[in-house]
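Protein chains in written order, with UniProt numbering: chain X, 1 to 388; chain B, 1 to 320.
I should point out that these hints are in silico values taken from the structure, not numbers from a laboratory.
Computed from a predicted structure; not experimentally measured.
Okay, derived cross-link-like pairs now, DSSO-like style, lysine-lysine, Cα gap no bigger than 30 angstroms in a straight line:
hint : chain 1 : residue 1 : chain 2 : residue 2
1    : X       : K341      : X       : K122
2    : X       : K122      : B       : K156
3    : X       : K341      : B       : K156
4    : X       : K217      : X       : K163
5    : X       : K34       : B       : K156
6    : B       : K153      : X       : K135
7    : X       : K122      : B       : K27
8    : X       : K54       : X       : K72
9    : X       : K339      : B       : K153
10   : X       : K332      : X       : K73
11   : B       : K27       : X       : K339
12   : B       : K156      : X       : K339
13   : B       : K27       : X       : K34
14   : X       : K62       : X       : K341
15   : X       : K341      : B       : K27
16   : X       : K122      : B       : K153
17   : B       : K156      : X       : K142
18   : B       : K27       : X       : K72
19   : B       : K27       : X       : K73
20   : X       : K142      : B       : K153
21   : X       : K135      : B       : K156
22   : X       : K142      : B       : K27
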Amino acid sequence: MTSVISRRTLLAAAAAFGMLSVSVAPASAADTIKVGTFLAVTGPASFLGDPELKTLQMYVDKINDSGGVLGKKLELVHYDTAADPNKAVTFVKRLLDQDEVDVLLGGSASGETLAVMPMVEKAEIPYISFAGARKIVDPVQKWTFKTPHTDTMACQKIFEDMKKRGLTKIGMISGTDGFGASMQAECKAEAGKYGVNILVDETYGPKDTDMTAQLTKIKATAGVQAVLNPGFGQGPAIVTKNFKQLGLNVPLYQSHGVASKKFIELAGDAAEGVRLPAAALLVADKLPDSDPQKKVVTAYTAEFGAKYGAEAVSTFGGHAYDGLMLIVDAYKRAGSTDKAKVRDALEATKGYVGTGGVVTFSATDHMGLDLSAFRMLEIRHGDWTLVN
Amino acid sequence: MRSVLSSRWAGLLLLAVVIALLPLGLKNNFQFDIAVRIGFNAIVVIGLNLLIGYAGQISLGHAGFLGLAAYFSAITVTRYGWPPLVSLLAAATLVGLLAFIIARPVLRLKGHYLAMATLGLGIIISIVLNQEAGLTGGPDGMAVDPFTIGAFKLVKAREWYWLVGALLWLAVWLSLNLIDSPVGRALRAVHGSEVAAEVVGVDTTRYKVMVFVLSAVFASVVGSLQAHYVSFISPQQAGFFQSVEWVIMVVLGGMASTYGAVIGAVILTALPQVLTALEDYEHMIFGLIMMLVMILLPKGIVPSAGALLRRVSSKAEGGK
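Only chain X is shown next, with the shape it has when bound in the complex (with noise of 0.2 angstroms):
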């Protein structure tokens, strides 16, 4: 019996050691363009990491099949960070540092985006983030770019349609998690510059199953001419069923943060008549013909969704997408894979129609978006609708 326990314990020891062993990829050979990546595909965001890895890996097939870049091949080498920055740090030293990558694309939170920059920087490697916040580009780092709209954007966006309404005194329930708490203060900070009075700012946690006391709240204070509810996951839908039977006949408007299928189906008729901002690609089969993006969200959205279902397809990614369509133009441009003139011809990018909007970047602007990017929509006989 001993025997057989020592002889099973040394195989697995062996196997464990086996794995050890696995040799690490010899450096990066002259004919491929090294593109590094590193995406939350597990973990809390794995619903952004998720779409942004397999699009990446569709879209890099694909350009291979057709020829690759100046004549060579993309190769993507891909860590998942699970979301977490510490990981991410060491993922991007061993794609900088072992795997020598020519670009680095992702970072699907902002945390580790953030948390990977300096490195970046000191690197001296042409990085495209995916995450939100406007830290990552505001104030400009040399090296970093990102595609995906900011949520100040959001904010300036429903404030505009607000005042196009003549809607000025507002109420604000926010959710306290990462997504709300940011948008919360990014929406106050704007309030002002377009006239919107905030009367009562109200929050409530990520899960909370009631919002009454804090809309009655809003509803008993005078004046309220709209309420605007920053929030993601099931926070918002419970905000707008809640909204709806308390009887507050005033409008209501979500974030971008909502703007999935899942939040009409969740808030069900309550959800008639909310607004929220958006971007191009969750309405593309309702944009007119004359619209620039039109092209490049429904080819996306078909490809994209004849692969992994047409309920996958969601904007982070298309901020992959654009990301990877965004760097591989800019080495067109550069017709080298000269890290500083890949940078310069990324800069240098004028007009590029992507998935998440015109980009146009410079030497003061690495996102490269403007409002509209954002579309705003209005949900009627539970489907989205474009307002103008």
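Put chain B on the given structure of chain X with help from the hints.
Relative to chain X, chain B alone:
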């Protein structure tokens, strides 16, 4: 081999040699980074092993202590310009004090209840770090200035390696000394049977509190250093999963074995890096290895390996 493991100085010498020679095999910044992270984890796990392995008390809240110290160092150094070393010591004192204050009520609990209480502590700290965005930067985290001692600035992973290596050696030395002292014997008595220990006159509460504070201070020192090393901190570092990972390192390496704690940290820090080569199967294989180790080496790697060696050698002797 047995004499090497059981003899304190030989073991320490071996560790010193390994730490001194390892850089010869490390090719680049990334590999040094992994070595530094192994060192950080190993120091925390050595402290935690004293608590779990020797005193028999579980803690799922040590990431909270690490997080507190990390943020204390980050905020005082980056915002208020304190010398990093002063911040580190102040953080260690504060965290030690906090651990001391909560240790008495918390350590009255046993088993699952103790785990729950420490878990709660960790989560409270994590929530505070997330919510106090004005101070901590909230969920997005904050940048941290580099570690300086006088005019000397520690930036490169190679430089950090020597500091962390020295601290790891010191932590092992401290832990071995403690275990071989009357305190260590008292702790083992507590682990064996708290009632019996009390009957023979061991002040069990005092020893439990002491080792709880000590392990919290270990985590605190690592927290401060890690914040400077990574030059960025976020609330995730103080999260529940980090605490669980350390407990796994203790159990995997072998409870009540200081070198086991080091081995546990080495394996669990390096293995995910090695397994990335397997891409989609990474998590599956990782889980499989963990399961195999737990089924085949239930006492942890180092104690099981030690037992195996003893059995082999006694068989060899019997054969003569």
